[in-house]
Amino acid sequence: FGPKSRPVGSMIPVLCTHVKALSLPRLEDALLADDWALPGCLVWDYWRSHKVRDFTAEPWHWATPPDPSKSRTVSGTRKVSMVMPVPPQPMCPPETRVTVSYDVGLAHDEHGKDILHVKSSAVSHDVPYGDHFSVEEKIEMLREGDGVLVTKSWSADFVKRTFLRSMIVSSVKNSQKDTCDKLMDVLQSYADEDGSPLDSYFGSPLSRSPKDSEAALLDSDGEEFMSVEGDDSPFEDIDDGMEAAP
Numbered sequence: 002f003g004p005k006s007r008p009v010g011s012m013i014p015v016l017c018t019h020v021k022a023l024s025l026p027r028l029e030d031a032l033l034a035d036d037w038a039l040p041g042c043l044v045w046d047y048w049r050s051h052k053v054r055d056f057t058a059e060p061w062h063w064a065t066p067p068d069p070s071k072s073r074t075v076s077g078t079r080k081v082s083m084v085m086p087v088p089p090q091p092m093c094p095p096e097t098r099v100t101v102s103y104d105v106g107l108a109h110d111e112h113g114k115d116i117l118h119v120k121s122s123a124v125s126h127d128v129p130y131g132d133h134f135s136v137e138e139k140i141e142m143l144r145e146g147d148g149v150l151v152t153k154s155w156s157a158d159f160v161k162r163t164f165l166r167s168m169i170v171s172s173v174k175n176s177q178k179d180t181c182d183k184l185m186d187v188l189q190s191y192a193d194e195d196g197s198p199l200d201s202y203f204g205s206p207l208s209r210s211p212k213d214s215e216a217a218l219l220d221s222d223g224e225e226f227m228s229v230e231g232d233d234s235p236f237e238d239i240d241d242g243m244e245a246a247p
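So the mapping is simple: my numbering equals the position in the sequence shown, first residue as 1, plus 1.
Honestly, the hints are just simulated from the structure, not real lab data. The structure displayed is predicted, hence computed values, not measured ones. Hints may contain errors.
25 Å max Cα-Cα, derived BS3-like pairs, lysine-lysine [claimed, not checked]:
(1) K139 <-> K52
(2) K161 <-> K114
(3) K178 <-> K114
(4) K114 <-> K52
(5) K174 <-> K161
Please model the complete structure; the sequences and the hints are all you need to start from.
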């Protein structure tokens, strides 16, 4: 029967959790705005938790631009660049330039619920063999009950051959616990804080009003359905089906 295998380029699920009291429309509005370098934008708050510097976001390229008078179906791409610290490792510099290409979309599932996806492709330019691969991630957020269902998956996609492939994949895999923790810390802070950063966020092309007068968000904790740890880790045997890049 042999080992388990995965198709080359397939994404590996690593997180599925429900965050109570999290407002999906506020996440949407901040993510679809022109200025990402503001508190309350998920991308900015997430990278700020990594202690990056020189964060810059390029202009949007819209496939389906935001239009508050029409359907809330939206799709667009943009790139961000930054300088990020690198954990101490042999042959690695103390920091690296990083470019991340984002694909952000807002649509509806078969039940008419809003679903927000944030796909990213990150390249670290100054680490050894950084031009050989990219870290692909996909976050989906679906309005569910009294909060938002959050899922995350990842892959390491190689564009050049390297004998260090297994080591690189293992490093990316091991980093997922930290990236999931940082993502959840940011989302939970939005749900927990009375007067969340998103409460006072202005400038979204889809804002329904200057500011919603809502009741304070309820305190809550996320219920995690899948984690990066445990005997049933989704990372089990992920390297078995990875073929060498052409």
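Hints the structure fails to honour
2, 3 and 4
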